[in-house]
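Trainee: What follows is each chain in one-letter form.
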Amino acid sequence: MLVPLSWLKDYVDIDVTADELEEKLFSCGFEVEEKHEVGEAISKVVVGLVKSCEPIEGTHLSLCKVDNGSEELQICCGADNVTAGKKFPLALIGATVYATAKDHKTIEGVMTIGQGKLRGYDSFGMLCSGTELGVSEDMYPGAGYNGLLVLPDDAPVGADVKPILGLDDYIFDISITANRPDCQSIFGIAREVAAVLGKEVKTPDLSYTPSGETIDFNVTVEAPDLCPRYSAHYVSDVRIKESPAWMRRRLALVGCQAISNIVDITNYVLKELGQPMHAFDFSYLKGGRINVRRAADGEKIVTLDEKEFSLTHDNLVICDGEKPVALAGIMGGLNSEILDTTSAVMFESAKFARDNIRKSSRALGQASDSSARYAKGVDEYATVMAMKRALHLIEELGCGKVSSSHFDVNTGNSVEPSKLTVSIKKVCGVLGITVPEADIKRILTGLCFEPVIDGDNLTISIPAYREDMESYQDVAEEIIRMYGYSHITPTLMPTAQVTPGGLSLAQRTSLKIKNALCAGGAYEGIHYSFFSPSDLDLLRLPADAPERFAIKLINPINIDLSLMRTTLVPQMIAAMARNQKRGTLSGRIFELGNRFFAKELPLKEYPDERETLCIGVFGDEEDFFSLKGLVENVADALDIRFAYDAKEYTFLHPGRSAAVSYDGKEIGLMGQVLYEIADELDARVPMYVAQLDIKALEGIFGKKRVFAPLPKFAIEKRDLALVMDKAITAGAVESVIKEASAYVTLVSLFDIYEGAQLPAGKKSLAYSVVFTPGDMEFTDEVINAEVDKILGALKDKYAVELRS
Amino acid sequence: MDMNELTAKLSAIKDEVLADIKDLASSKSVYEYKKGIMDPKAGKIGTLMREMGKIPNELKAEYGKAVNEIKNWAAERFDELDAKLKEAEMRARYDSEKIDVTLPAKKQVKGNLHPNTQVRNQIVDIFGSMGFEIYEGTEIETDHYNFTALNTPADHPARDMQDTFYLSPEFLLRTQTSAGQIHVMENKKPPIKIISPGKVFRSDDDATHSPMFTQMEGLVVDKGITLCDLNGMLDEFVTKIFGAGTRTRLRPSYFPFTEPSVEVDVSCFECGGKGCRLCKGTGWIEVLGAGVVNKKVLEGCGIDSDVYSGFAFGIGIERIAMLKYGINNIKMLFESDLRVLSQIDD
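Here the protein sequences come in this chain order: S and W. FYI, in this note's numbering the residues of the first sequence are 1 to 804. FYI, in this note's numbering the residues of the second sequence are 1001 to 1346.
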């Protein structure tokens, strides 16, 4: 929120510098996001008195002698209003002012004034326009003239122009936390400033004298849930004209354009007191009434900015006897707009339910300063105060007659302070320190809480605008933010009980899996939990694939982030492709994250969040088996064995893909990504991807590791070269070998041969088989018998022969 | 054979050996020569013992002694020569095997954890050792747990602080790991000490915001817990994560579920608080939000606020990672760019 220091000074005597004030505000909870001096770009510009002024023939220039307070300077000036005997801003040599474009209006940066020469005449400075000083017509009357800015005759020659033009003012942009809507105004901030500086706050003048005139008019509220308070006041004899300079200047400082006195009063009160106000042209209110009600479905209104809206039952409207005349809290209707011809107005100061205004504003896509303010919360205290202030301003500006027709519909909420009694011990218990009673009293008095202390009991009066004050905790915060957080002394929970801490089994296991993959040369990546419908298309998944049954976001940022992911594969493929585009042509990535499966859509209960592992490897030197190596790293980390069976998937190479199972249950997949997908993503090198359902393995997390005693007798090794049909898999052969002999503890493949030395359609697999003895030393006979058992089983099952 | 003959013979052998070994140039040829001359069947010295049978009995002892003597003499000569040659050979070998030590290393394949996980692990270590359990909630939450139970009812202005992704009128993507607090407090009686790391989601997508990021919520509920305890624990935390000498500064803020609420700044670990680019000249860096748990939240979970109190804090994991490692763009953390991931192995 923008707060000019000069405006703040209306309500508090500020005797600290702008920097000190920023520091004070920061310490009590109001961060100044930006602070700037209005004329921070302007320097060395003084009041200059033009002593003489002669036209330079054949040019538009005048040659002037200008008194700068200590000497007379020769200055060439091109403005048409340069006049001897008048005072103008004089930029001395070395001064900084705004540079303007040829139109003399558009600012094009800051320039430093040097000694110049125009048409052969030396010029020792420059007389300035309002634009060159960054001063608009609203900020200083006459500044908008396309020529020199004329200073008052009584301005002291040689004095700095900044105080005269208000350029020495500061604007604070203050961030207000959501619990303090009462500080969303200049006066609200003034209350805090007064408290933190230990000063009195001066209430704006709320006085006015009702004329005694009354009108026959009626105000009703049909939707009190959305409008707890509605007040209106009739003002006659309105004369629409420009607001006075001081008001226009203030509005300009807070970024609000001056329009006309009545509209400016509503905006001024909004900025000053934080209460949105509206003024209706009374002549357009038909039927002698205002009614606040929900809109009918399909009802239409055209707002001041000439946009038409079709409304619903959820929108609140202000109506006259016939039609909506305003979109409550958001914007007035075009049909009752204040015009130059307006001669009577009805002021509105109301409290609307903040949630309703916020929702309507969002749903309709229509916002204003007023709706933004309502969405933060308005208190009824300000509603009452604002109406009085507006009526006072009518009188102060002399632009209308305040009638005695005041209307107030309310739900009976009091704007009087309420009492709260808390225990000082409890307040200090929250903080962990003892704040001296005198300090408590001083702080709470400064914040207008009128504290009364009786033993341990602290009773405060909560002003109506402090809707956030509910308990001893709130009191503790008020005290400590003024007392200073530097008083908090670190302690390490001396009263707390000892608790065991650390990772759970599942968390330790996740970490173990991750570390096992890192050891295998893979880097951990993290991808968004949501993805795109096109990601499912990329995988060529059929319409009835379970992955297609994804949970949708109602309000996604865009379609590409609109589904909760049901597979980690597409983002992994995309990551591998992206790396290639950026010049990394090989690598290993894994992600451990959730997939989301709904039991039904739309969601009625918590969905299944399945912790899932995805591994991607890419590069010319990578293959199916290097990926399989990483998958085996996972199995090793969990101390289990996976089984692999060839299986086709819509997105994987049909000859290089497999289902991964544990204990007979399919828990994942792996394989080479389709060439078509690689082409689609401009991926140059082969990509391989695996996905494992880690949650499905939860049951074996923490599997107990048992030491197997070393064999007492020597192990025996036999190499077996086996010939078989090409179609028989190594996995099948290995299983048969292991099953055939109880002594087999390790089967390792060391050679594969296909070629001329074998019959067509055959291949040879050579295994090294390790036999581990039990209680007896092996004899050749025993081993030979075991080998025969193995060969017999292989022959029976797959017609495998020993290679001769 | 008499002794004179024998002496002459042995002397001749000695001369012969001395002459022969002069020409030997490698330890291998010494070995071969030695093997040849000592061979019990064919060697000049090796066969001497076999002559014993031809020696008269009275000379046998003397003969044996002389043969042993020459054996020892020969062995000594060979050892001497062998040692000398071996030394030269090793020197030559070392010379020939000299390498350029500046050639590139043969590296093991390596990978590492995501910077977020590394930071998370560090934080978990710190709090785990202080008796905090790690509770991971769900990414999909209900409006109740994410907002209402955290003292943020439907019309609360604080809801505007967070743009929420909704999945249904009731379910949403959690906007804060604070949602986990309520589940914990509903299911566990004090003393409670948890940290709750996890992904959170907000409808913000620009240069400095990612729609998904990671938070770590901390919660302590026990008897007599105060703001001073919060401060003390955060001091411990920041010195462990950012280094000794790091100081904290609390300043007032607002969160619906804590009261008082504070923003916590740490003294800039880059410049030590003097003011630099990292801290934008202020000497302080904002790192987390915290506060004393609002009694309404405790009471909503059935915890007696007259007996128990607590504090909560929320840390942005990416923020810590970015600060610690100097990563300047949050989006980089979610792109799995190996040029990025491989740089940080803390």
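There could be a bad hint or two in this list.
[What the hints assert, rightly or not] If you want a taste of the chain W side facing chain S, the calculated C-beta under 8 Å gives, among others: (1) Val1124; (2) Val1220; (3) Phe1269.
Since the hints were derived computationally from the structure, they do not count as laboratory data. Backbone N, C-alpha and C fix where the C-beta goes; we use that ideal spot for every residue, glycine too.
Trainee: Evaluate each hint against the coordinates.
Mentor: Checked hints:
no., hint, result
1, Val1124, "7 Å, holds"
2, Val1220, "7 Å, holds"
3, Phe1269, "18 Å, violated"
In summary, the structure is inconsistent with hint 3 from the numbered list given earlier, while agreeing with all the others.
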